[in-house]
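Residue numbers (this note's numbering), protein chains in the order written: chain A, 1 to 112; chain B, 1 to 111.
Just so you know, the hints here were simulated from the structure itself, not pulled from any lab data.
Accuracy of the hints is not assured; some may be wrong.
What the hints assert, rightly or not - Only part of the chain B face toward chain A is listed, based on derived beta-carbon distances under 8 Å:
#, residue
1, 26
2, 29
3, 31
4, 39
5, 43
6, 93
Said to hold, decoys possible - Derived coverage of chain B by chain A (criterion: at least 3 residues anywhere in the stretch with Cβ under 8 Å from a Cβ of chain A; other residues may be distant):
#, region
7, 44 to 55
8, 76 to 83
In this text, all values refer to a predicted model and were calculated from it rather than measured experimentally.
We put the CB at the ideal spot given by N, CA and C, even for glycine.
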Amino acid sequence: SQTIHQWPATLVQPVGSPLSLECTVEGTSNPNLYWYRQAAGRGLQLLFYSVGIGQISSEVPQNLSASRPQDRQFILSSKKLLLSDSGFYLCAWSKGENTEAFFGQGTRLTVV
Amino acid sequence: GESVGLHLPTLSVQEGDNSIINCAYSNSASDYFIWYKQESGKGPQFIIDIRSNMDKRQGQRVTVLLNKTVKHLSLQIAATQPGDSAVYFCAENNNNNDMRFGAGTRLTVKP
């Protein structure tokens, strides 16, 4: 069966520090991968998605970036965090277009 | 489209009643829709999906209705239980590889 792992679960980082959130999927190959951000009490904002290794589509211009160094690994990064980067970050995967997405448990990031 | 800047609308129902959660989507080209349930501090979980060639689909205690004419999607939960309390999101996909979420609705079930 397929599983998705996302870590860490919580993270407190100072303003201006770098960020690296990692997501890995097991039990499937060539998945679509997604990063979403969710502010407290609000909806999900699509940040990046990837249909293959090295292929990243960015939805929102900001100081975040994503990379897919391996087929089932998706990394969300920042060189310098802003206070506004605080939120709940969710990684997800799907088998392709027009299929359901499966979510990780999320990382709650607080920038102080 | 995405409504990530809005506070979540809320729906409060009595235990045992039926719940109806609504969602409006903006892209008439969208042809696949999903309802997700998100409990506090967790990632969203799949509930039910529907493709644009259907207008109704039923699952266990849940029914999704799709009205393409007015671009409206609804989720009906029968005999709502306290465990149904969560935030519910609709999502749309239009043959692209991205998936867009609606603003979400917070469902509270009163005992």
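Check your understanding: Of the numbered hints stated previously, which ones are contradicted by the structure, given in increasing order?
Key -> 1, 2, 4, 8
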